[in-house]
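Asker: So you can see what is in the structure, the chains are spelled out below.
There are 2 protein chains.
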Amino acid sequence: MSFKPISDIGEFGLIERIASIVAPTCETKSRLIEGIGDDCAVYELSSSTVQVATTDLLLEHVHFDLLTTPLQHLGSKAISVNISDICAMNAKPCYALVSIALPSKASIEFVETVYRGMSETARLYNTALAGGDTSASSGGVAISVMVAGEIEKEKIAYRKGAQPGDLVCVTGSLGGAAAGLRALMREKNVMLEHVKHGETYDKDVMSNLEEYSEAIRQQLLPSARVDIIDFFHKHSIVPTSMIDISDGLASDLAHICKRSGVGAYIEESRIPIFSQARHIADEFQEDAVNYALSGGEDYQLLFTLKTEQFSAIASHPDISVIGKITPEEEGLLLSDIYGMNIDMSTLGGFNHFKGNE
Amino acid sequence: MSFKPISDIGEFGLIERIASIVAPTCETKSRLIEGIGDDCAVYELSSSTVQVATTDLLLEHVHFDLLTTPLQHLGSKAISVNISDICAMNAKPCYALVSIALPSKASIEFVETVYRGMSETARLYNTALAGGDTSASSGGVAISVMVAGEIEKEKIAYRKGAQPGDLVCVTGSLGGAAAGLRALMREKNVMLEHVKHGETYDKDVMSNLEEYSEAIRQQLLPSARVDIIDFFHKHSIVPTSMIDISDGLASDLAHICKRSGVGAYIEESRIPIFSQARHIADEFQEDAVNYALSGGEDYQLLFTLKTEQFSAIASHPDISVIGKITPEEEGLLLSDIYGMNIDMSTLGGFNHFKGNE
Chain A
3 MSFKPISDIG EFGLIERIAS IVAPTCETKS RLIEGIGDDC AVYELSSSTV
53 QVATTDLLLE HVHFDLLTTP LQHLGSKAIS VNISDICAMN AKPCYALVSI
103 ALPSKASIEF VETVYRGMSE TARLYNTALA GGDTSASSGG VAISVMVAGE
153 IEKEKIAYRK GAQPGDLVCV TGSLGGAAAG LRALMREKNV MLEHVKHGET
203 YDKDVMSNLE EYSEAIRQQL LPSARVDIID FFHKHSIVPT SMIDISDGLA
253 SDLAHICKRS GVGAYIEESR IPIFSQARHI ADEFQEDAVN YALSGGEDYQ
303 LLFTLKTEQF SAIASHPDIS VIGKITPEEE GLLLSDIYGM NIDMSTLGGF
353 NHFKGNE
Chain U
3 MSFKPISDIG EFGLIERIAS IVAPTCETKS RLIEGIGDDC AVYELSSSTV
53 QVATTDLLLE HVHFDLLTTP LQHLGSKAIS VNISDICAMN AKPCYALVSI
103 ALPSKASIEF VETVYRGMSE TARLYNTALA GGDTSASSGG VAISVMVAGE
153 IEKEKIAYRK GAQPGDLVCV TGSLGGAAAG LRALMREKNV MLEHVKHGET
203 YDKDVMSNLE EYSEAIRQQL LPSARVDIID FFHKHSIVPT SMIDISDGLA
253 SDLAHICKRS GVGAYIEESR IPIFSQARHI ADEFQEDAVN YALSGGEDYQ
303 LLFTLKTEQF SAIASHPDIS VIGKITPEEE GLLLSDIYGM NIDMSTLGGF
353 NHFKGNE
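These protein sequences, in sequence, are chains A and U. In terms of the numbering used here, the first sequence opens at residue 3 and continues consecutively. In terms of the numbering used here, the second sequence opens at residue 3 and continues consecutively.
So here's chain A without its partners, still in its complex pose (with noise of 0.2 Å):
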C-alpha cells in the first residue's frame, strides 16, 4: 500500500475528502443546515433561527509568531478571526470556547496576558467566553476558539447563492495585513541576524516602525467587521453571498463562484488598497493589488448584492462596488488598469500543505 501525501491534493482536495466521509453523521441530523463547505456550519434552532458555528486552530510557527506578536494581540486577532467568519454568514456572535496548550515555560503572566486580549476583544464585540480547555503542550502555543452566532433564518448568507448581474462588494480596503507581514518579516530576520553575530539589536538598529504601523496593526490586530453586520441588519440587506477575507481577494472570491456556480469580472482600478500596501510594496519592488488579491487576513467582507440594493448601501463610506457576477463560463475575470482581462484563477491564496499557489 502506498501513502499519498497531503500536497497531492492540497488543502481544499483534503476538506473535499474529509467531506465525503463525515457526510453519514449529517444525514443523521435534519437540523443541520450546512456542514462543512461554508465560513460556518448552520443548525436551525427553531422555525425562524438558526447558529452558525465556527473553529481555528492556531499553532506557534505556523499561524503566529511569538517574536513579531505581542501576546495580547495574540488572544485578540484569535477571537476577532473566528468572529469574522460569524459575520460572513450575516450573524452576530454568542459565546467562544477557547482551548490553549502551553508548553512548560510559559508562565502564568504569559497567558494571563493572551487571555486579557481575548477578553477586551470579545467585550468588545458582545461576546461571552464561556469556556475550553488548558493543557500543556510538548511543542509551541496552541490555541483553538470556537464561536457560536445566531441570526434569523431568512437573513443568513452563504457563498452560495450569488446571481449573474449582482454587484460584487468589498468592505474596507486590502493588502494591509500581508503588507505588514512583510514589514514585520523584514525585521525579525535584521534582528535575527543581529543575534546570529552577537550584535546588539536595540533602537538604534532597529528600524523606524512608525511608517509600516498601520499596516502592522492590520497584521496583528484585525477587527471583524460586526459594525457592517448592524449596517446590513439596520437596513434590511441581505447580501446574496457573503465570505470573509482570509485567503486572500481572488481565492476568496473563488469560493463563492464555485458554490454559487457562477463567474465573475472585477475591475482592478476598483479594489480599495490599504494606503500604506502601497508604499510598503513599493519598497519591497512588490505590487500592493497582488497582497489585496493573494496576501490574505485582511477579514474585510466579500459579498454580492442585488443591483436593486445598491441605493442601500450607496451611502456606506466603507462599502466598495469592485465587479459584478457574470455566468459561470466567463470565468473569474480581472480587467486590469490598461484594460486586459487577466483570469484570476491563475491567482491563488494561502493555502495550507502548498503555501502560496
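Calculated from the structure, these hints are not laboratory results. Here the structure is a predicted model, which means the values were calculated and not measured. Check each hint, because a few of them may be wrong.
To give a feel for the contact side, a few chain U residues facing chain A, derived at Cβ under 7 Å [what the hints assert, rightly or not]:
hint, residue
1, I38
2, S101
3, I110
4, A132
5, G133
In silico lysine-lysine, DSS-like type, Cα no more than 25 Å apart, as pairs [as the list claims (entries may be wrong)]:
hint, chain 1, residue 1, chain 2, residue 2
6, U, K31, A, K236
7, U, K198, U, K107
8, U, K94, U, K31
9, U, K94, A, K31
10, A, K107, U, K6
11, U, K157, U, K236
12, A, K31, U, K236
13, A, K155, U, K155
14, U, K157, A, K31
15, A, K157, U, K31
16, U, K31, A, K94
17, A, K31, U, K155
18, U, K107, A, K6
19, A, K94, U, K155
20, A, K155, U, K94
21, U, K31, A, K155
22, U, K157, U, K94
C-beta atoms are modelled at their ideal positions from N, C-alpha and C, and glycine is treated no differently.
Fit chain U to the known structure of chain A by using the hints.
Answerer: Structure of chain U alone, referenced to chain A:
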C-alpha cells in the same frame, strides 16, 4: 518583573485566573447561564431549552501516542470524550466541529482513517460532524473537537446541586482505562528496547495482549454514556449533580463537592472495579482501587441523586451506589475495606502542568 511558572498554581489554579479575566465578557450576555467551571458552558436557546457546549484540544505526545494508538481509535476517542462532557450535563449531543493540524509527513490515508473513526463514533451518538478547520503543524498532530448538545432547562445537571443525604452513584466500572494504559506502556517500552538494540519486534517477541484486551479497549476506545442519559430521560431522573470521570473518581468527586459546597462518604467496597484492572494491577503489584480513584479516562458518569429516586435506578444493572453526600465540614472520606476512613483529598487525579498530584 518575575514570571511565575504555571506549576506554581497548577491547572485548576490557572483555570481560576482565566475565569476571572473573562468574567466581564460573560456579564455582557444574560443568556449565558454557566461559563467556566462545569463540564460544559450553558447558553439559553429559548425559555425552555439550553445549549451545552464543550471543547477539548488533544496533542500528540501529550494526550496520545501514535505508537500505541490506532488512528481510527484516535478519531473515535476524540469524539467520545467530548460527548461524555455533554452527557455529564444530562444533555444529548447535536453537532461537532473538528480541527486538525497535520505534520508534513502525514498522508491522505492518515487523515481519512482518523476521520473514519470520528465519523463512525459520531454516527453512533447521532451527532453531526458539521465543520472545522484543517492546517499544517510544525510539530505533531493536534486535534481540537467541540461538541454542542441540548437539554430542557429544568433537566440540566450541574456539578453544583449535590445536597447532604444524596446518594453518590457511578455508572459502569472504573480503573479499566488506567490499567489498559499500564499494559500498553509496558509493551511500548518492550518494543522500544528491541528497536534500540536492533532486534526484531514481531509476533514472536510481542507480549500476548489478549488477556489485557478489555482494559486496553477501555483506554483506546472509551464510550460516552449516552445510553444512561436516555435512561434518565425515559424515567424522568434528574441527578442533583453530575460529572464525567476523566481525571479519576477522587478528583472528579472533589469537583462536585467543591462546587456544591458539600462533603462525601464513599465505601471502597462499593466502588465497581473493571474486572481486568484487578488482574493487571496484581501483575504490576499495584492496587486497582487506585486506578479507579486516580487513573482517570474511564468516561463513566458520577452523579448524585435524591434518595427518593433510588428505586428509579435500583433496577439498572450498570449503576452502582457507592456512598452518600455529607455536610461540607465532614470532608471527603473513603471508608476502606478494613473500615478505616481515608481523607480522599490527599488522593489526586490527573492535573496538567503538575502531572499526577
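Asker: Compare the structure with the hints numbered earlier in the document and write down the numbers of the violated ones, lowest to highest.
Answerer: No numbers; nothing is violated.
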